[in-house]
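Kindly generate the complete structure, drawing on both the sequences and the hints.
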Amino acid sequence: MGEFKVHRVRFFDYMPTAIRAMAFNAHTEKLALGRMDGSVEIFNFADHYFQEKVIPGKDSRSIEALCWVGGRLFSAGLNGEITEYDLENLRPKYSLDAYGGPIWTITSNSQGAHLAIGCEDGTVKLFEVLEESIQFERNLDRQKGRIISLSWHPSGAQIAAGMMDMIRVFDVPTGHAVQRLLVDRGFGGSKSRETVVWSVVFLSDCTIISGDSAGKVQVWDGHTGTLVKTHLVTKWDVLALSVSKDESSVVVGTSEGTVIQFQFIAPTLQQQDKEWVRTRTFKNHTHDVRALAEIETAIVSGGMDTQLVVRPLLEKFDERSYASGLRKIHFPHRNLVSCAKKAGLLLFQFPGQLELWRLGESDGHGKPGDSLPLKRKPEKLLHLKRKGEDHICCSALSSCGGWLAYSTMSSVRLYRLQTDNNDISITKVPKLPKVLRSAHQLCFSSDSSKLFAASSQSSVLIIALSQSECKYVHTLKPKSGSRQPIHLMTNSVDGKWLATANSDCEIHVYNVQKLKLHCIVPVYGSCPSAIGIHPTTNNLINVHADQQIFEYSIVEKQYTDWSRKLQKQGLHNLWLDRDTPVTHVTFNPNNPEQILLHDMHMFCIIDQSLPLPDQKTQFYNQMTLRSLSGQERPSHLHAFKICKTFQDLLSVSLLDDQSLVMVERPLLSITSQLPAPVRQKKFAT
Amino acid sequence: MAALYEGFTLCGLVPTQNASDSAIQGIELDGDSDHALVTDSTRSVTLYKVSDQKPLGSWTVKQGQLLTCPAVCNFQTKEYVVVSDNKVIRVWKDEDFNLDRAFKATVSADVWRVHSAPGGEPVVLFQRGAVRLLDSLLSAPQQPIEDVLSEEEVIRWSTNIVAEKQHFVLFTTEQKGEHFLYVQRLNPNTLQKYRLEREDSRSAPLSFSASLRDKHINLLYLYPNGCVYQSVVAARGYVGPEGVQALPRSLRLRLPVGEGELGAASAVALDEAHVAVVGMPHPSARTGKDFLCIWNTNFQTLQAGKEMAGRIHGQVGIRIWSYIFFASNFNQMTLYLYLALKIHFTPIYINDHSFISPQVWCYLGKLFVPHGKALSVIPYECQKSSLASALGKLRHAGIAVSKSSVAVPSWNTLLHGNQPQGPAKIVATRKSKLSRKSQSVQALTVDQVLKLIKTGPVDEVQREVEALVSRGDAQDLQLSVGQLACHLVARSQAETTFYTPGALAQLVRTQCLCHSVCPDLLLLALEHKDYFLCQLCLQLFPDIPEVVTCACLKTFISVPDGDVEMVSLEPDSVSFMEGLVVAGARGGQQNGFSPPLFEEDSCDAHHQPKPTQHQDKKNPTLQLEACPVGLHKAVLLNEVLQTPYSDNLLLPHLKDLNTQQVILFLQYLQFVYLKYSQDVYTQTPGLRSPTVTQVIDWVCLLLDAHFTVLVMAPDAKGLLSNLNSFVKSQVKLFSELGKIEGSLQGLHKMKLSKDISQYSIEVIELF
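Residue numbers (the UniProt record's numbering), protein chains in the order written: chain H, 1 to 685; chain E, 1 to 767.
Please keep in mind that the hints were generated in silico from the structure rather than gathered at the bench. Don't be surprised by glycine CBs; every beta carbon is placed ideally from N, CA and C. Honestly, I wouldn't trust all of these hints.
To be verified - Short derived list, chain E residues pointing at chain H, Cβ under 8 Å: (1) Glu460; (2) Gln758; (3) Tyr759; (4) Ser760; (5) Ile761; (6) Val763; (7) Ile764; (8) Glu765; (9) Leu766; (10) Phe767.
Claimed, not checked - Selected chain H positions facing chain E (Cβ under 10 Å, derived; list incomplete): (11) Phe4; (12) Pro267; (13) Ser362; (14) Arg626; (15) Ser659.
This is the structure:
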């Protein structure tokens with residue numbers, strides 16, 4: 001099939017930030033994840049854990065806790081504010097100062113009518129959830145010492161509050177504290193330190209379970225305020241607790257990176273009386289587990305080591321399936337790298353800055369497997385810091401390398417780049433059209449004459465670019481009336497078509513020349529994770545979170561024969577079993593049969609001219625093919641050519657000179673930048 | 001463990017004309033433990049209250065006169081004694097304001113030093129080596145004084161010691177490069193002379209320090225090459241032959257001096273294991289700084305160090321003094337120290353080669369160091385060290401991950417974990433004093449409890465110890481638990497009727513104890529058949545000697561089952577054992593799994609596979625369904641199995657077991673092994689349980705110790721053949737593992753990890 005020259009790029013120092021909070025909405029099966037930099041990510045667990053939405057962070061925002069009320073998402077942080085998010089425009093809807101100092105926790109009652117927050121000044125504040133906002137209702141009796149954690153009794157009549165050295169139970173109607181549960185301090189040297197009750201859970205049978213900084217998980221009787229049982233689970237802190245929906249299981253997360261499950265079962269077979277028994281220990285993290293959620297079939301955990309781990313509970317599965325595998329989500333399910341195919345430039349997007357790099361060069365030729373000598377080293381041309389507090393949410397680089405754009409929540413900035421030999425000059429384009437305030441996605445047309453910006457309610461703004469000015473041309477609006485944001489956007493090389501995908505799983509194709517909607521691709525049940533328009537045939541390739549691949553002819557407004565054949569035959573199980581979504585689709589202009597895809601762990605070229613593999617075919621067959629002779633080979637070929645040489649891929653693109661650019665970010669180098677984990681004493685150290 | 005706390009300045013020093021000369025001649029303790037008598041280098045004596053850092057009185061001799069010996073306190077008469085101009089002895093009391101009006105007596109020879117110690121009357125040492133009691137000298141001041149030393153012999157250092165009413169004066173002399181130690185006994189007077197071994201470099205010792213320990217006088221001396229030697233002189237009884245004897249010495253500590261030699265340094269023994277050294281650079285600090293360091297001589301480790309601002313003063317000339325002090329009443333804080341430091345000495349030795357030895361005195365847990373322009377008082381603390389607490393003894397990993405959390409005090413938490421220990425400590429003690437005052441109605445302090453232990457009734461002791469442990473904070477516990485345990489054990493050993501199992505168990509549970517701190521505890525528990533305490537000790541002590549482990553084993557194995565079953569033991573280990581026994585009841589084989597044991601013959605290729613029925617008959621598990629020992633006995637044996645040990649040390653003690661015991665124990669081990677290997681019994685995580693490896697190790701050890709006897713014993717025959725099959729199955733398992741290891745290594749080699757740089761251009765080929 002052929003040789004490729006590969007630029008193996010490892011200088012993108014992408015560093016995800018630690019996970020701080022988590023909230024799972026059992027109704028919509030969506031998980032909201034709060035990170036240390038104030039960003040919020042929404043994962044759709046019903047759709048293969050796809051990262052549907054990302055709300056970019058902001059310097060002044062911090063998230064200590066997240067909470068769903070119906071479909072509404074609230075967060076609270078140490079800046080003392082409660083924030084509700086606009087999940088359609090991916091921005092905070094409003095922020096409200098609670099006037100109680102830093103807020104440690106926020107939680108809603110099961111009826112969804114009230115929010116309770118725990119403040120540094122020792123108050124528990126109740127807010128009423130209104131239609132469009134929330135309103136302060138009253139304070140519960142103020143305590144000495146901060147309120148670290150809160151949990152409503154399912155009836156809503158009582159709240160348990162974890163504090164320093166104690167747990168208080170409040171009667172909500174009166175606002176008085178009715179119980180005071182004293183939490184012991186740790187043994188040894190930690191005896192002089194206050195115990196922080198990091199997490200409490202209030203069960204419907206009035207059992208209170210707490211996790212504290214002395215490493216204890218304690219079970220209390222909420223009626224009498226007595227300690228029922230203490231489990232010492234770690235030498236360090238127990239940071240997070242989560243209870244299953246049926247209250248038969250509680251998981252706790254510790255500073256050692258372990259997640260420990262407790263179950264409410266009879267300790268011996270014959271016995272009737274149930275008690276909380278420590279059952280399983282999972283160790284999937286190296287650092288603090290700060291956030292936890294126990295969902296129907298799995299334990300979801302995240303913490304300082306930045307990865308989101310979905311650990312399935314195997315007793316809930318009868319057979320091995322997609323859902324029964326351990327899943328670790330390291331990278332965002334979207335592109336942080338833009339590539340100027342003609343100019344050989346790479347743009348890396350960080351929350352706080354953009355980096356523009358020129359790839360190196362080599363004139364040598366080599367055998368497959370060789371590393372070529374470098375004639376020119378890669379060079380960092382530009383380090384562009386964002387303005388303002390808002391983090392960058394998207395960026396784009398034109399394929400000629402002459403334009404650069406990025407957007408934050410509050411503004412879009414466009415720059416003109418000029419490179420003469422080794423000099424680079426950058427000029428900000430002044431006076432952008434007023435209508436262009438912020439964008440969820442940005443992309444340039446292939447001839448760099450237009451900028452497309454995805455705006456609110458799935459609309460797309462078209463901006464015409466020229467040397468002298470840039471001007472607003474048109475707004476493309478979908479007919480469906482979807483209010484969801486666009487998360488993918490691509491245009492055809494001939495400049496005629498523009499395709500967008502939104503979180504409602506809709507893919508719209510617009511005719512840019514006629515400035516109108518051309519067609520809507522039949523809506524598929526899983527969210528598109530990557531789309532691309534073929535440069536010669538103008539077929540749209542869309543890959544979905546469930547790993548399905550479709551080819552849709554834009555001109556004919558129907559699926560192509562190849563796509564139908566693929567659907568009829570079905571994809572190979574090994575393809576479907578992969579656990580990271582395809583995040584980029586691109587094509588080889590010189591060989592129209594080839595579609596290039598990649599996910600985190602592999603890079604794949606689909607050759608549409610070759611037969612599709614059936615279930616019996618050896619799917620990962622590159623090794624076998626290599627060992628075969630030239631005559632035997634053709635009989636073993638199939639359409640999916642998968643290369644796993646490159647790991648932890650963030651981006652793959654094909655330059656115009658037919659060389660591939662693979663941007664890798666080895667997980668090891670992310671791990672090495674993490675702070676040291678808690679010290680575990682080993683022998684004689 | 002030792003630590004230096006934040007010090008304070010007792011008084012400022014007036015620099016003398018000769019910069020290297022100290023402004024201080026000596027520091028002596030008054031009758032009151034908190035008073036220090038400071039004699040400066042010229043004319044005055046000042047009495048300070050140390051804790052308040054304030055002078056209580058000062059006395060000066062006339063211009064032109066010179067104090068030639070530091071003032072001492074006559075503990076019997078509460079008078080002060082000083083010598084001026086070598087020959088004039090002055091005696092005065094607190095009430096006297098003017099030294100010149102005080103009692104004076106001129107003696108006929110030059111006085112070297114007046115020594116005084118509580119419990120003995122002051123002694124005068126003359127420069128020519130003669131010794132007189134002060135009283136007898138003052139009654140006839142002009143009496144002739146004989147010459148003890150030869151012509152060129154000069155005294156370098158001297159001290160006195162009172163041991164069991166026997167009064168000693170020790171002094172060292174130098175003559176033509178040779179050094180001698182004189183031990184002068186008073187009443188009856190005898191003089192013993194010893195020659196100090198020569199150091200290779202022929203250098204003179206920099207400092208001496210003497211202490212009384214176990215009725216022996218220990219002399220500690222430091223050479224410029226950094227070696228600290230110890231010599232022991234018997235304090236009682238045997239008086240050696242006339243003439244000069246060689247004084248044997250042993251190297252206690254070799255200080256890292258780097259290149260060259262120490263110009264000036266002083267070492268003071270703090271207790272049997274700790275030495276304070278001044279004037280030596282800190283091994284990890286740059287040179288040119290003066291440090292006060294505490295070294296542990298047992299482990300040769302530096303335990304605490306403190307930089308002293310300014311130069312540490314020394315003194316030039318032939319001026320030697322030393323002090324001895326017997327502690328009588330101690331305040332709360334130094335109580336622990338009292339046990340460790342029976343006697344404090346300060347040795348200062350300055351020879352006439354103009355070496356400047358820094359000065360350091362040590363009284364009651366405080367070091368007095370003149371440095372820069374001040375005399376600093378630095379409280380310190382030495383704790384009994386054990387190897388276990390120094391290194392952390394090997395425990396089998398994976399068993400007690402969560403339990404062994406603070407089994408031994410860690411250096412880190414004690415030294416660095418609580419960084420601002422000095423001031424914090426002071427504050428803490430004040431606070432705790434206050435709190436103690438407030439709750440003093442019921443709660444007793446540590447020393448009150450200690451006193452109570454000596455005499456109080458069992459119930460009360462038990463109650464008070466428990467109360468103390470449950471309220472004491474961690475730092476205090478660390479120190480007092482060992483004491484409490486030792487006292488309790490000592491009393492129990494003395495009185496057979498006195499035994500407090502609950503209190504002891506609680507002390508052990510604090511995890512601040514280890515075997516070396518209180519070696520008799522476990523044996524006492526065994527003696528009293530307190531199996532629960534035994535179990536706790538075995539679980540929590542990291543450093544039980546093999547002989548004790550063996551004693552436990554022997555007791556456990558020979559105790560009748562009925563006796564143990566009534567004892568309540570730790571529930572976790574009991575439930576583990578119950579699980580193990582029940583696991584067997586479910587039936588031998590599951591899922592067609594056959595344990596490697598039954599394949600014993602299949603590994604011998606030439607053997608015909610035997611018919612199944614035959615094999616079943618032979619199947620030893622059918623007879624081994626029942627555990628050979630009772631449940632609780634098994635629990636105790638499991639604890640022994642999990643105790644850390646070294647083979648070589650354990651083996652000789654194992655031979656003490658008799659054949660019946662060995663067979664029973666082997667049967668039990670076999671039972672456990674079979675359970676592990678045949679059952680699908682999965683170990684509950686978190687439960688303490690012996691590992692297969694530990695079981696096998698013990699089987700091997702027992703066989704090693706008793707093989708010849710077992711071979712002859714008819715009832716051991718079946719057992720041995722079974723064990724033989726274990727070995728075979730293990731060998732087979734390991735050979736299989738060995739094969740896998742080979743292939744795994746092959747895999748590793750295949751996957752050569754290429755060092756991939758930040759950027760490379762590579763060529764790949766897809767087919």
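Evaluated hints:
Below 8 Å, beta-carbon pairs count as interface contacts, and Glu460(E) has none with chain H, the closest being about 26 Å; its hint is therefore violated. Because the closest C-beta pair between Gln758(E) and chain H is about 5 Å apart, less than 8 Å, the hint holds. For Tyr759(E), the interface hint holds, the least distance from its beta-carbon to any beta-carbon of chain H being 5 Å, beneath 8 Å. Taking 8 Å as the C-beta contact cut-off toward chain H, the hint placing Ser760(E) at the interface holds, the least distance being around 5 Å.
The interface hint given for Ile761(E) holds, since its Cβ lies 5 Å from the closest Cβ of chain H, which is under the 8 Å cut-off. The beta carbon of Val763(E) comes within 5 Å of a beta carbon in chain H, closer than 8 Å, and the hint placing it at the interface holds. The criterion of a C-beta within 8 Å of any C-beta in chain H is met by Ile764(E), whose closest approach is roughly 6 Å, and the hint holds. Residue-level restraint check for Glu765(E) holds (minimum Cβ-Cβ distance to chain H is 4 Å; threshold 8 Å).
For the restraint placing Leu766(E) at the interface with chain H, the shortest Cβ-Cβ distance is roughly 5 Å, inside the 8 Å limit, so the hint holds. A cut of 8 Å between beta carbons decides the hint on Phe767(E): the least distance to chain H is about 4 Å, and the hint holds. Because the smallest distance between the Cβ of Phe4(H) and any Cβ of chain E comes to about 6 Å, under 10 Å, the interface hint for this residue holds. This hint holds: Pro267(H) has a C-beta 9 Å from the nearest C-beta of chain E, less than the 10 Å allowed.
This hint holds: Ser362(H) has a C-beta 5 Å from the nearest C-beta of chain E, less than the 10 Å allowed. The criterion of a C-beta within 10 Å of any C-beta in chain E is met by Arg626(H), whose closest approach is roughly 6 Å, and the hint holds. Given the 10 Å rule on beta carbons, the hint for Ser659(H) holds: about 8 Å separates it from the nearest Cβ of chain E.
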